[in-house]
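Input sequences plus hints: build the corresponding full structure.
Quick mapping for you: the protein sequence lines, in order, are chains A and B.
Take the first sequence: its position 75, counted from the start at 1, is 75 in our numbering, and no numbers get skipped.
Take the second sequence: its position 65, counted from the start at 1, is 456 in our numbering, and no numbers get skipped.
Among these hints, one or two may not hold up.
To spell it out: a stretch of chain A is covered by chain B in this simulated footprint if at least three of its residues, at any positions, have a beta carbon under 8 Å from a beta carbon of chain B; those stretches are [said to hold, decoys possible]:
1. 10-21
2. 119-132
3. 351-360
Simulated crosslink set (DSSO-like; lysine-lysine; CA at most 27 Å straight-line) [as the list claims (entries may be wrong)]:
4. Lys470/B x Lys55/A
5. Lys36/A x Lys416/B
6. Lys59/A x Lys36/A
7. Lys50/A x Lys470/B
Here are some, though not all, of the chain B residues that point toward chain A, as calculated from beta-carbon distances under 10 Å [what the hints assert, rightly or not]:
8. Pro399
9. Trp413
10. His415
11. Ile434
12. Pro439
13. Pro453
14. Ile513
15. Pro527
No lab work stands behind these hints, which were simulated from the structure alone.
The structure presented is a predicted model; accordingly, all values stated were derived computationally and were not measured.
Beta carbons are placed, not taken as given, at the ideal position from N, Cα and C, and that holds for glycine.
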Amino acid sequence: MSNTSKTVTLNMGPQHPSTHGVLRVILELDGETVVKAEPVLGYLHTGIEKTMESKLYYKVLPCTDRMDYLAPMSNNLGFCLAVEKLMEIDIPDKVQWVRVCLAELTRINSHLVWLGTHALDLGAMSMLLYTFRDRESIMDMYEAVGGQRMMTTYIRIGGLAMDIPKDFEKDIRNVIKVINNGLNDYETLLTNNEIFINRTKGVGVLTADEAINLSLSGPMLRGSGIKHDLRKANPYSSYEKFDFEVPVGENGDAYDRYLIRVEEIRQSIRIMEQTLDGMPEGPYRAHVPGIVMPPKEDVLYKMESMIFHFKLITEGFKAPVGSVYQGIESGKGEMGFFISGDGTNKPHRVRVRPPSFINLAALPKMCEGNMFSDVVCAIGSIDIVLGEVDR
Amino acid sequence: MGIEEKIPDSIILTSLDKMVNWAHKRSMWPLGFGLACCAIEMISTFGPHFDVARFGMEVMRPSPRQADLMIVAGRVSHKMAPVVRTLYEQMPNPKWVISMGACASCGGVFNNYAIVQGVDRIIPVDVYIPGCPPRPEQLLDGILTLFKQVEKESIKDDHPEWGRKLV
Ligand code: SF4
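The following block contains the structure:
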């Protein structure tokens, strides 16, 4: 601090327990009031977009898991939908329903981690333990379908990595039961908790106009009272067939965003139940020789399938010249993939629209002019994942 | 035989090394610092299901000044590398490092311009854990492996990487 200036510059992060990873914020303080807040990014820059451009379309998928690592299946889904749009592949009904079910499970996963860490930031340590207790059931489910706890890469171009396990329905219903019980615990602990309300009500307020001008999406946008959800506005993967509500807030503050996310967990459960009740029969991959991998069983016994498998693994498929954009509603907002194909077997350019990166742009607006101690709450209420922000 | 027969049961004879190592091992406080996806599995390990508290290390210290163990959980970018190094230097002796996951150990799937190809290029690593991400059980196994190494240490050992000797 120089002697002449009245403000203090404070550095927060990149190693800070409540920046959810490696976010760094440079704060200019006048006493307890924030004059300026400037996020500094890039501490987790992984070059994922560039890496994607050097890989065959199939081999890009594992990279998508590692962006928003709290919602791996949403990322898989977004990328697969974009490639399927580019290649004009029709997806069997069953695949779509399983995808919807798992995407909603992923939303719950993402919201649970958010809830635990956000409450931890505000001093409620036990919430983290409760949410991680219940999250284990989701991890078990991931493991049952994809064989991995976090980086499942289960949703593949043209279908799924393998058929759903025999006990899929039973297991998902178990998970739903666990989450439903958990939700009661969380709401008892937080929703009417005086301390929690004091720390979140009226903090990080964004008006509807500001939210739209900043191009926010997801619970950040809906918290400010705008009813916009890509699952309703621009349905993909047969979301139009399911019945669910889109919760919206009124005040655009951190408390409203909390209420919205909790309600979204409820709605996700509703969607998952609908997918289970009417799960269609059918193949787990589209039959498009030369583009979609043949099922593994066929590869072992049929000559054509084996040849297609071999060719796809070694040289992939050639995408047409052209570009597509596909957005999906992930737990954090609009997750979009822009892919431009150039007639070769590798994408010419992949651009990701990461929701938490764009939502993070609202941080200065939420902090400036407010108290210093609310910065942590504002950062938490955005729900950022640095893997996705920096890519 | 010797003096052991004469002393009461409540007194145990041991070597200083053993006692110091026992103390190090049983109260190793990790630095609460995560980088990427692996950090989530680290939190799971510290959560109720896997419960690392069984090994005396549930207290995550947000400040490097109070930590003994750095778990590098995630990919280290070139921009983050100096920060990781600074954090390591800020930790008081004795200190240990676990490199968790493929990225921290060797760059993992990201062999590109942005990622440091192994955190051992900037700080000394005691235990490497493979996996992307390693399961919580694997992290626990890595921690127990580290404990076994700690048992073999002596206070007379020279640790040039720590900057000075312990005694
Ligand atoms: S090893 Fe895998 S899970 Fe761990 S940080 Fe790297 S990409 Fe993420």
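For each hint, the structure was consulted:
Requiring three or more residues with a Cβ within less than 8 Å of a Cβ of chain B, the coverage given for the stretch 10-21 of chain A holds, as 5 such residues are present. As drawn, the stretch 119-132 of chain A meets chain B at 3 residues by the rule of a beta-carbon pair under 8 Å; at three or more, the given contact holds. Residues of the stretch 351-360 of chain A lying with their CB closer than 8 Å to a CB of chain B number 0, which falls below the three-residue condition for coverage. The suggested pairing of Lys470/B with Lys55/A holds, with an alpha-carbon distance near 25 Å, which does not exceed 27 Å.
A distance of roughly 44 Å separates the Cα atoms of Lys36/A and Lys416/B; the hinted pair therefore is violated under the 27 Å criterion. Distance hint between Lys59/A and Lys36/A is unfulfilled; the C-alpha atoms sit about 42 Å from each other, more than 27 Å. Between Lys50/A and Lys470/B the alpha-carbon distance is near 17 Å, which keeps this suggested pair within the 27 Å criterion. Of the supplied interface hints, the one on Pro399/B is violated, with its beta-carbon coming no nearer than about 43 Å to a beta-carbon of chain A, more than 10 Å.
For the restraint placing Trp413/B at the interface with chain A, the shortest Cβ-Cβ distance is roughly 29 Å, beyond the 10 Å limit, so the hint is violated. Interface restraint check for His415/B: the shortest CB-CB distance to chain A comes to about 23 Å, outside 10 Å, so the restraint is violated. Look at Ile434/B: its Cβ gets to within about 7 Å of chain A, closer than 10 Å, so that hint holds up. Annotation: Pro439/B was flagged as interfacial toward chain A, and the flag holds, the nearest CB pair being 5 Å apart, inside 10 Å.
For Pro453/B, the shortest C-beta to C-beta distance to chain A is roughly 4 Å, which falls under 10 Å, so the interface hint holds. Against a cut-off of 10 Å between C-beta atoms, the interface hint on Ile513/B is violated, since the closest Cβ of chain A lies about 14 Å away. Taking 10 Å as the C-beta cut-off, the interface hint given for Pro527/B holds, the closest approach to chain A being about 8 Å.
Hint compliance for this structure: hints 3, 5, 6, 8, 9, 10, 14 are not met, and every other hint is.
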